[in-house]
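J.: Residue-level listing of the chains:
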Amino acid sequence: MSETRTIRVEALSRVEGEGALHIRLRDGAIEDVQLNIYEPPRFFEALLRGRPLEEVPDITARICGICPVAYQMTSVHALEAALGIGISPEIRRLRRLLYCGEWIESHALHIHFLHAPDFLGYESGIAMAADHPLEVKRGLRLKKHGNQLLEVLGGRAIHPVNVAIGGFYRAPRREELAALIPDFEWGLQAAVETTRWLAGLSFPDFSRPYEMVALVHPDEYPFNEGDVASTAGYSVPVTEYERRFEELHVSHSTALQSQRIDTRGCYFVGPLARLNLCREQLSPAARRLADEVGFDSPCMNPYKSIVARGLEVVHAYEEALTILRDYRPFRPPRVEYQPRAGEGCAATEAPRGLIYHRYRVNDSGAVEFAKIVPPTSQNQKQIEDDLKTYLPTILTEPDNRVAELCERLVRNYDPCISCSTHFLKLHWERT
Amino acid sequence: MSGKPKLAVFKFASCDGCQLSLLDAEDQLLAVAGAVDIAYFLEATSRIVPGPYDVALVEGSITTAHDAERIREVRRQSKFLMTIGACATAGGIQALRNWADSKEYLQAVYARPEYISTLATSTAIADHVPVDFELRGCPINHHQLVEVIASLVAGRRPRTPGHSVCLDCKRRGTVCITVAQGTPCLGPVTQSGCGAICPAYDRGCYGCYGPVQQGNSTSLADQFVNAGTAPEQLVPLFRNFNGYAPEFRAASERLAAQAADAT
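Protein sequences, first through last, are from chains A and B. All the letters of the first sequence, read from the start, carry residue numbers 1 to 431 under the working numbering. All the letters of the second sequence, read from the start, carry residue numbers 432 to 694 under the working numbering.
Please keep in mind that the hints were generated in silico from the structure rather than gathered at the bench. Since the model is a prediction, treat every value here as computed from it, not as a measurement. Zero decoy hints are in this set.
The following label-pair restraints were derived from C-beta to C-beta distances:
1) B:W530 / A:R340: 24 to 32 angstroms
2) B:G465 / A:Q189: 22 to 30 angstroms
3) A:E123 / B:D563: 24 to 32 angstroms
4) A:E242 / B:A661: 30 to 38 angstroms
5) B:N647 / A:K388: 57 to 65 angstroms
Taking beta-carbon pairs under 8 angstroms as the criterion, some of the chain B residues facing chain A (in silico):
6) E457
7) T494
8) F672
Residues from chain B that keep clear of chain A, each with C-beta distances beyond 12 angstroms, as calculated:
9) G482
10) P483
11) A557
12) D558
13) F564
14) G586
15) R590
16) V610
17) V656
18) D692
For glycine and all other residues, C-beta sits at the position ideal for the given N, C-alpha and C.
Between the sequences and the hints, there should be enough to build the whole structure, so can you do that?
T.: Here is the structure:
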């Protein structure tokens, strides 16, 4: 007679968006692991059709409240490709500055409020603050800096209003940006301290031969431009993305799941992938710090993604400082363009990994087709694969402990469930 | 309210940005966390305390039959229910489906539409259960959120302004972009709360805080048409994040009818 054990995590906490995990065991062996993304679908790709192209960045920002910049900027780059728009170096630098702000804000949130409590045994960052006030308050300041930069450059931190096709609605005044410099000088040092603290946490011994995928650029750490490269050894232009990777619709998820077309294998995107593929392009302080804390090269332990985030915060501060110090206002703030029929795609690096958009527009300037591939739907299959490997090692634990350990594994990926569209509940079925 | 009120945060169809606003109140977050008992807030804590709750913050719109049932349960469990953001107060950007064929939307996005269960509409929370207070915005303003929570703890009325974005521009000293540049701007009919940022960044207000009380959206739309903007170009301006709020909806449907008559 067979015995079934079912374990369910009904609602995954400390992730962005909502999801569940469903695990079914038969006679002690894993039969199925499903990451259920149950956020109700919002149909962005459908509702964008017919909209004027200039409002696309305002709409795609609303896919995710935590990384709106990555969504709106990926739209902008893809639409500029469709329209054949080239931008000035000044606009390009300000766009990198915008990414610095979002990475600092999003990473500081994930490190201190969603992830670190796992390593130190707390239910939340707020609870952790009672015993680790220095680290949590420092983290809040870092997060605030990221938001302040987004407020100056974008008008506000959540759903910025200043991003336009061709550039910005208004270029910031010099003094608006210069006012941030003292805080950012403090923040760079604070981020170094934070990363040293993170590197000293104890990490589960869990490494796998992942295929990691990120944008790469010969002389900059990837934000909004580069080729799509893999630790498996290939590198292709962004226009080849859809020949390498495809999205599948599985029954247990309202998010589409990505996989490699040729091998049907999963892959891993995010800070760890970027660090493994682009370590040489880190800013000097971040590169020195990676060496100082002995960050593995390559690092295949997903729990150490928290250290990778710390290193990326250091990078973002250092690059932001350079741009803030060198900034001179410029005109025009955006490149003029005429609507024309066309198609274009782009990929950028959201805090939680590579994001890809493709649009087709008509000659009256309306969207005809939109495709949006968020980072979490690319990681989703990898997460399920990790859980299948990890679960057999913890099955002797009681159900609530298994659920807790699985959630911790999932949080390594900083999943952004409302982005895709949904996330984690643990359902266990042990037969 | 005596003692520390039990606070819960619930999410429906949304981007998470409004509940994130609470965590974005960096300077007040630890103080707020000290003044209330955060009993249910999945995004921030693994601690889950069962209801009933004194205060429920509800983000997101109702787009599935399951959520239409869940919001009733949330209402039953909550003494004071406050909706936060354009999704919860007006249906959000996903309410564009209300003017479209939802089956076609499903087929456009999902290879296997049969796996997805969804309603044909996205509607505000108040269309389903009584709501005690609405905080508007896409996203909400975290200073307003902290103010409302503080007022509940103190047992007083929240101080949230009810004037239009237009007045905020005057206060900021922003040159009117409709008058100076002829750019259509929803500032005169949109509720304050954002800080009038769009005109300060050289673009028209797109109404993300929703209609102001006693604003006249259809009259403003007529002004823009008389000044030379085609009705079909104005439809998307009224029909976005708060497009299904009654005042904006009336304006966009009237404009759409005018555009149809013209062809």
